[in-house]
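Using the sequences and the hints, build the whole thing.
In case you want the letters, here they are:
4 protein chains.
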Amino acid sequence: MHKVVLIGAGRIGRIHASNAARHPRLQLAGVIDAIDASAQALAQEHGAPVLTLDQAMDDADIGGVIIASSTDTHLDYSVRAAAAGKAVFCEKPIDQDLGRARAASAALSSARLLLAFNRRFDPNFRALKAKLDSGAIGTLESLQITSNDPAPPPPSYIAVSGGLFKDMAIHDFDMARWLLGEEPVQVYAVGSCLVDPEIGRLGDIDTARTVLKTASGRLCVISNSRRSGFGYDQRIEAYASAGMVRADNVTESTVQVWSEAGAAADRFQNFFLDRYAEAYRQEMDHFADMLDGTPAAVGYADGVAALALAEAAARSLALGQPVAP
Amino acid sequence: MHKVVLIGAGRIGRIHASNAARHPRLQLAGVIDAIDASAQALAQEHGAPVLTLDQAMDDADIGGVIIASSTDTHLDYSVRAAAAGKAVFCEKPIDQDLGRARAASAALSSARLLLAFNRRFDPNFRALKAKLDSGAIGTLESLQITSNDPAPPPPSYIAVSGGLFKDMAIHDFDMARWLLGEEPVQVYAVGSCLVDPEIGRLGDIDTARTVLKTASGRLCVISNSRRSGFGYDQRIEAYASAGMVRADNVTESTVQVWSEAGAAADRFQNFFLDRYAEAYRQEMDHFADMLDGTPAAVGYADGVAALALAEAAARSLALGQPVAP
Amino acid sequence: MHKVVLIGAGRIGRIHASNAARHPRLQLAGVIDAIDASAQALAQEHGAPVLTLDQAMDDADIGGVIIASSTDTHLDYSVRAAAAGKAVFCEKPIDQDLGRARAASAALSSARLLLAFNRRFDPNFRALKAKLDSGAIGTLESLQITSNDPAPPPPSYIAVSGGLFKDMAIHDFDMARWLLGEEPVQVYAVGSCLVDPEIGRLGDIDTARTVLKTASGRLCVISNSRRSGFGYDQRIEAYASAGMVRADNVTESTVQVWSEAGAAADRFQNFFLDRYAEAYRQEMDHFADMLDGTPAAVGYADGVAALALAEAAARSLALGQPVAP
Amino acid sequence: MHKVVLIGAGRIGRIHASNAARHPRLQLAGVIDAIDASAQALAQEHGAPVLTLDQAMDDADIGGVIIASSTDTHLDYSVRAAAAGKAVFCEKPIDQDLGRARAASAALSSARLLLAFNRRFDPNFRALKAKLDSGAIGTLESLQITSNDPAPPPPSYIAVSGGLFKDMAIHDFDMARWLLGEEPVQVYAVGSCLVDPEIGRLGDIDTARTVLKTASGRLCVISNSRRSGFGYDQRIEAYASAGMVRADNVTESTVQVWSEAGAAADRFQNFFLDRYAEAYRQEMDHFADMLDGTPAAVGYADGVAALALAEAAARSLALGQPVAP
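Protein chains in written order, with our numbering: chain A, 1 to 325; chain B, 1 to 325; chain C, 1 to 325; chain D, 1 to 325.
To be clear, the hints were calculated from the coordinates, so they are not data collected in a lab. Using N, Cα and C, we set each Cβ at its ideal position, and we do this for glycine too. Be careful, since some hints might not be right.
What follows is a set of in silico ranges between Cβ atoms, one per label pair, in the way DEER data are often shown [stated by the list, open to error]: (1) C:Gly320 with B:Ala60: 54 to 60 Å; (2) A:Pro154 with D:Ala215: 25 to 31 Å; (3) A:Thr139 with C:Met1: 14 to 20 Å; (4) D:Leu273 with B:Ala130: 20 to 26 Å; (5) B:Asp72 with D:Ser241: 38 to 44 Å; (6) C:Ile35 with B:Gln321: 23 to 29 Å; (7) C:Ile35 with A:Ala130: 37 to 43 Å; (8) A:Ala301 with D:Ser241: 55 to 61 Å; (9) D:Pro49 with B:Gln40: 27 to 33 Å; (10) A:Gln40 with C:Ser109: 55 to 61 Å; (11) C:Ser216 with A:Ala41: 53 to 59 Å; (12) C:Arg11 with A:Ala41: 34 to 40 Å; (13) B:Asp292 with C:Ser134: 54 to 60 Å.
This is the structure in structure tokens:
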């Protein structure tokens, strides 16, 4: 059993706490949160103590730190935990600022750090990558990544989100890098505000298309909207020399109703905690593997690279031209 | 060009006339109907003459006769046309009475007669049979034939229909024989009147399940209802030693709407003339092949055998026990 | 927290133990198994003690007993636990002998007993029932229950299984009763041995069709095979006055490969512990609800009724005639 | 009956000839082709005379001219036929040169000219547009148009094709205009040569993504490849404020094979003459309507506008920047 502590008892922190607590090789050994009541509530739920950051860092029995606090603290906590010799599970994004993120390179480049891009652990996307890697459809040529949220967040969230590219598309940039097999060398982004005018007043967009191109000419389109109108819409199509492999949305059940109107399937899963429940479990399982010695499947450098693409997309949007990332 | 004449200018006759007229190797050389106005209208539409039966039979240039008149005339016209040396295209059923149908054996057993079980010519069911015959899923073990009409016919039709088994399930009995590769040796039927009480008052049923068993133990269930609630419902599942092959319903288009309610496909085709438009064309093409010398793919003996199964099902229903056909 | 004990540390017992141990309102307070090593191993895995049956029954703090031992012990343990005032979670079937099962009526009719027909807790079948109950497709008229195992069990299992109807179709009889809304009054079964001749030598069948009819004329076909050739095949179609609702098989992922051969979906789930993992969790959750006072959703009487239908099917098969259950 | 003549007896001309000849309101009254043998063969097939262009233009009984000759002749024949007072059915593209096409404005702007963008007449895309126009999914926000050929044409064709944008994507630009409800004001294209290096040596690309933006901010991505690896791949997704509507590829049949590998659908239609057989029929039917007085659904101005977008895409590709069309 590896002892791990959680920093950040918010919504996503509670998911990770629960997965760690239920994992056969992990023990949730402490909860840390700036808001004492939040820490107490979550700690009590899992029979774990509330700790201070210092206590956790100084306890040599604690092998892993799960960082699910606010984005602006991700880097500092990661550096601190890495320095203390802990394995780090850090929520995405690594930071909202590429310069800051890169500046942590000395501290984090060789840390045992899992950057928690949950989609890499989703069974559907993993099955897609396995098909691609198997060579069953030949050599990859292009990608279509569709990633639409069910509904836009409140303006208060938008204001501190870092913008659509860093907040939402960051996952898609990571998916693109994971699947393309080459780094994008050119980024073009175009965007509009079509969903909620308030998002536009805050200087952000809610609808975007980003086109990536790699050195060998592979193309990738990322389609984003803050609102799909039909639930959580996360699909990937990978086109290759001998066919295509796609991962589709997930429905609530396999039930269909056939009526005069035709065949109607059940609703698409609407909430990311449902859609990615298994991905979060697999991600925590991978963290347990890391504590057993397995290298991180996705780490600090991936977090920086995805952030660089997000910044490039924002720059392209501002300039109205393709840019190098 | 082979000259063919049509007997019976009703709904199905008009389909066959149109397909014959457009066929590159057929010429619609005459229309025969007891109702002169019907014959005139259809003949004019295709620039063909109205003929009497005698004229058609006596004209040695006429090679084929398409019989689409009322069911009680099918046998007589077939015998007459066969005796005149014509190739015969006879609408199903061969007759409503098994004794009568069998009595025509001497006259029709070796006639060039296509019994127009249109489903044998449907591209979907043909593709299913091709898969089965290819051995791709091993040896056939059982069949599920689902055959539901969009809506019940008027009681006036029910009264002269010959009953659900002879009128509607006759197609399914033919499909069963075509696919099973063995003759059924046992028939069990159960039925209810759930759709329209008037059908029950006329002594018929509107909902049925028929179970066939062959000598080697292959099983087939035929599911029938006079009303599906969702269009023309005609599906087959064939289970074999290495998997299953199925043919599904046909939709109006490939369009789907994705909304909060989920993914909704377009309507299923509702009308048999839409659903089987291509089957009717292929059937006529096969008749052209017969006029070129190809043997009939489905003939008199098949019509009798399907009718025997329909009678057996009716007998089983009446007795409440399985029977031999 | 309700304390529960498990009797029977075999394959299905281990699933229930794990679900109980992880349930927020349940505590696995003991493991009982005739084979001490099995009991020890499972108990240790969950940090629970090994108990004798007497210890468990005498401990007033233990509120619930999960019976996952061999079929021939289900009734005795249920009676004993009910007499001790425990809530009972009893694996299906209630027994292999209808007379014995009925004889326990006095002891079990009003017991707090959950008969663990897991499919009632499957999210897909629950969604199907919810649609049906919502009236969205009108009044139920007929059911098609398809239930095929991936591959036949070894002959040694067949020999003690009680036969296809009691061992395998018992689930389907329960589904039929759950959905039909009326008790079947007539049962007709036909069967063959097509999958494995050894099954036939043991006096059993491996392929069957059973037709049920209720007093109002509702029809239900149950299709069974010991081997599907394509994984765990468990589907239901419910036909009603305004359409149809169906629950389909579950695939390993949403991934499709599109190639010259067409679109190929991922494999169907093959193993019942995968296919019904969520059903087993929901079932245990319901048991927790029972310990909080909720009546059992499916109990002793349901177990007896499903067994009666299984015996009727076996009788019909032997007689070659429909029978009353 | 309206008399129409065909100019150009090549592959697509033969399709139009056949559809005109079978149309109940059209009579194929002549075939014109620079290669006499081609004209003779097709004319004979339909019992029509071979004509010279002058004969056709001078014959006041001929109401319509179908232009299916080589692209460089489309404009001249259209101008000539319009001047002769004929209704014109002109194959796409209107021309390969935007300047030339625009120069014909005086002659063709008010001509009765159907520019034969066949996809506008495809039942699937029409059903998609009908859903969109119905308001069922709210206000359109963005489009994904996927358009991949089964396999690349020979280099000899590429050399005279006008390039991927004018030859292949021209259809997609028309679809975009048809569905967007607004003219694109910005075009960005990126492309690669990934399918066949010979295409690159000829200065063309075989893989492209084009992003269109309208004045109100609607976005459209067009994805093109000269080779799909799985047949004719032509799909559209339209995203709107209340959901999405999509049109999918068409399969050869509804047959599926279920095996250990999962469910495999039948092949996608591979050949454009199969995929769009009905579209070609509907297109000719619309031409018949035009001869009865209906205005053209898609005409000269649409041909010029699609060509302008194709030229803009080529310019954007060359410049590496978005451009105005």
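Right, here's what the structure says about each hint:
1. C:Gly320 with B:Ala60: 54 to 60 Å: 56 Å, holds
2. A:Pro154 with D:Ala215: 25 to 31 Å: 29 Å, holds
3. A:Thr139 with C:Met1: 14 to 20 Å: 56 Å, violated
4. D:Leu273 with B:Ala130: 20 to 26 Å: 22 Å, holds
5. B:Asp72 with D:Ser241: 38 to 44 Å: 60 Å, violated
6. C:Ile35 with B:Gln321: 23 to 29 Å: At 49 Å between Cβs, range violated.
7. C:Ile35 with A:Ala130: 37 to 43 Å: 39 Å, holds
8. A:Ala301 with D:Ser241: 55 to 61 Å: 39 Å, violated
9. D:Pro49 with B:Gln40: 27 to 33 Å: 31 Å, holds
10. A:Gln40 with C:Ser109: 55 to 61 Å: 48 Å, violated
11. C:Ser216 with A:Ala41: 53 to 59 Å: 54 Å, holds
12. C:Arg11 with A:Ala41: 34 to 40 Å: 38 Å Cβ-Cβ, so the 34 to 40 Å window holds.
13. B:Asp292 with C:Ser134: 54 to 60 Å: The hint (54 to 60 Å, Cβ to Cβ) holds, given that Asp292 (chain B) and Ser134 (chain C) are roughly 57 Å apart.
Comparing the model with each earlier hint shows violations of hints 3, 5, 6, 8 and 10; every other hint is respected.
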